[in-house]
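We have chain A already, so just place chain B on it with the hints.
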Amino acid sequence: MARLIRTEKEVEGRYEEVWTVVEEDALDQWPAGPLEVVGQPAQRQDGLQRARGEARYTADVRLPGMLHAAVLRSGVARADARAIDVLPALELPGVQAALSCEEVDFLDAEAGYPGAAVAAVAADTIEQARAGVEAIAVEWDESEPLLDPDEAIARGQLVSESSSYERGDLEAALAGADVVVEAEYRTQSVLHNSMETHQAVCHWEGDTLVVHISTQYIWGVRDELAEKLGLRPDDVRVVCEFMGGGFGAKNGAGDYSLIAAELSRRTGRPVRCALTRREENLAAGNRNATIQRLRAGARSDGTIVGLGGEFVNAVGWSGWLAGTDGPMQMLYGVDNVATMLRGAKLNSAPMAAFRAPGFVEGTFGLECLLDELGGKLGIDPLELRRRNHADADVLDGRPYSSKSLLECYRRAEPHWDRRHEVRARSDETWKHGVGLASQVWYGGGGPPSYAWVRVGSDGSMTVVTAMQDIGTGSRTAMAQIAAEELGVSLAQVRVELGDSARGPFASISAGSSTIPSMGPAVRSAAGDARRQILELAAQRWQKEQRTLSLKGGRIVCSDGGSWPLESLLGLLEDAQILGMGARGPNPTGMRVLTFGVQVAEVAVDVGTGEIRVGRIAAIHDVGRIINPLGARSQVEGGIIQALGHTLSEHRLLDPRTGTVLTQTLDAYKLPTIADVPEIVCEFVDEPDSHLTNLGAKGLGEPPIIPTAAAIANAIRDATGADVRSLPIDREEMLRALAALARAKERSGDRVAARPA
Amino acid sequence: MRCGFWRNVPWSGVWHEDRGVKIRLTVNGEPREADVWAGESLLTTLRDTLELPGSKNACEQGECGSCSVLLDGALVCACLVLAAQADGHEVTTVEGLADREELHRVQRAFVEAGAVQCGFCTPGLVVATAALLEANPDPSDDEMREALSGNLCRCTGYAKIFDAVRLAARS
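Each protein sequence line maps, in turn, to chains A and B.
The first sequence runs contiguously to residue 758 in the working numbering.
The second sequence runs contiguously to residue 224 in the working numbering.
Source of the hints: derived by calculation from the structure; they are not laboratory data.
A few of these clues could be false.
[As the list claims (entries may be wrong)] With a straight-line cut-off of 20 Å between C-alpha atoms, the simulated DMTMM-like cross-links for lysine to aspartate or glutamate are: (1) B/75 / B/93; (2) A/230 / A/207; (3) A/671 / B/113; (4) A/746 / A/607; (5) A/671 / B/199; (6) A/11 / A/607.
Excised from the complex, chain A in its bound form (with noise of 0.2 Å):
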């Protein structure tokens, strides 16, 4: 039966309380380990496509008369663009329309970053919509900007409220530990640079408009479009089967879409509006920078007495505030804990959600003062983070539905043990070591979402749900647990997804919900299908239907007797049996958490600040695991993001006038094929009991979370450096390795300097 709840809903670590219709969760959940085709490893379903260059992305969508659209942009960080002359643009050869910010209330005369859209110009080769956009007259009144982040808060230039977060008595606290710690971490921005850039082709038939978009979210999608377009929601059609990667930054329609849209209103032509490589480097989002103060102060027992973080998030021009602070709030046992998170309004431009954000930034400097803390007291860094181990949520007492954070710290021993071989590689300029660092986020999913399963009398069924597989295998994982539930093959499962006008609504693909969202509705579907077939088997063959399973592609009998599916499916002609799925409410009462812990070998020169990493051991619990080798890809995929924001990637702004001098992929440093070091990969495994059909949670982020302060906390056992700002390049390594020869050289002054 379905209800209407009251209840939490999180997205990227933001909650917020909404009603929401939820539906019983019939199914118990399947025995934990692997089963017949859950648990095993599947190949993509749709890989052949991929590799055969046949799947067909927003990229490549060309439509019968379609126009190109170009976007004027402000070319500085901080400008007002005054009377603005789209006529020039008007009169050359194949532009068809233009648009600016004087009549359209979604691009904005105040440009308050580089790269901000005022104007667009549609027409039929994309040289020709460049050319209209260079004719556009604009009278560009500039100001100074504003870039840095303390000035912003010190002035009062924030995004949104500050957030500040208290529980104990930090003060007392830390005035009564044996060891206090203080130290100022830095993370900079970084730019997401899926391979597809930001893009939609947007036409219209009739009253409908019907949008073609590289999304990570079609529902979300469909709305924002419909809000800001004045249509009702089911006017607007969004259509995404393959899309080129999102990793957050698509999670919104972005202006792209609204300009292709009414531009094709405008001239009844269908429009395509497609970033550049260096408007997608831009405009199209990244993973705001960081300031974060910390303190920690513990007993000489180890117990963590106090933890406290300022933490400023250089947001831009707009956006929201990640949780930087969330780590230290949820990460570990501690009593007295206070946070103050600030949001900096800059001339930068506006973050986008970056797998994980804010809990990528602050584990970074959490980790590295759980280390530094350690070393104080003396105390085996994976010790110390037993030791302060959260047996319950931190937050408010409530139970965990499951954690096996322990589990992960035991499994990484045998690869931690190795850091004493690892240190004695060591010599004069190479230097060794090991690091680790643990990770708590979110990845319950939740509803509302929806599926069917088609079965026909062919044998032949099909998932129908109009979610979007960003890249990760959704399609392939869902067919898995259809193709269980149903008692068939994998091959013999399809999955239809991609289109809001043809299946019902699906969450975002975000947070790392697919899997725990869509997941149990797709079960439930299959479970509703079985159901069905079981009802008809019974009256087939005279039998009780609680006599009757489906395994191996068979109706099974529990007198022993068992018959083909297509013996009963054959029957049915042109009937077809059709189950329809419901994702079921969350446990209430309990936190939904994913855990892990990830253990760095790196090498560093310290002569020429090279650093090298060797090998990374990731050990993650995120309940049962439907496809162990796409969720092995993804942990390797978010290693590998991990390494970049760790070493290389960095979006540089001129610090004078705001430019970004990394637009392009020469500029900006991605990780490649040379940069991989050995990846081992572990799941606990351990279905989530408390948690819907499946007891599955989302993956898609927490293997990135920890990787930063793993590897900075292996440089640091390595050289005895403390690397407390990212990118770690060879710039940052040599003057955290000049910083201790100055240390040390003062303590060895003061060491000559006290009477004998």
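What follows is chain B alone, placed relative to chain A:
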């Protein structure tokens, strides 16, 4: 150098005042013709005129390898080759790597090894791997790193791409 301008190609296209250049080339074994403008890249011609969108455009300037194709058997970034330079030459794209029904061993290996995630870089990586194995049937890990470091992938973390290359080399 791969992903540099493709040199030593005599320019033989015929210039037409109104339309630009007519080029004739062999694409995936078939003779094709296209009207291109003088500055048009081979990638644009392949994707927009010859309707072969398998080669992807992700950086427009030879930094990501997503548009990797074979030009007379040599690996190039199609975005850095002028369409007119391909006049009279043979181009193989990801769509033409395998025979019509068959799969290329590299394509099969990428899927079996789980080396495909979002797949936007995959066509380029598949072509680059095919070129690598053609030149070096049994590459070492370092040779793989060298040969494929011009192909950026943001999803997989590359680990399974090593698996795929090894698998393809064995098959």
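Open item on the list: Between the alpha carbons of residue 75 of chain B and residue 93 of chain B, is the straight-line distance 20 Å or under?
Closed with: holds (12 Å)
- [ ] Please work out if residue 671 of chain A and residue 199 of chain B have their alpha carbons no farther apart than 20 Å.
- [x] Status holds; Cα separation ~16 Å.
- [ ] For the pair we were handed, residue 11 of chain A and residue 607 of chain A, check the Cα-Cα distance against 20 Å.
- [x] violated (47 Å)
Open item on the list: Please verify whether residue 671 of chain A and residue 113 of chain B have alpha carbons no more than 20 Å apart.
Closed with: Answer holds: residue 671 of chain A to residue 113 of chain B is near 16 Å, not above 20 Å.
Task: Distance restraint between residue 746 of chain A and residue 607 of chain A, which requires alpha-carbon spacing of 20 Å or less - done: Holds, at about 19 Å.
- [ ] Decide if the proposed pair is consistent with the structure: residue 230 of chain A and residue 207 of chain A, CA atoms, cutoff 20 Å inclusive.
- [x] holds (19 Å)
Hint compliance for this structure: hint 6 alone is broken.
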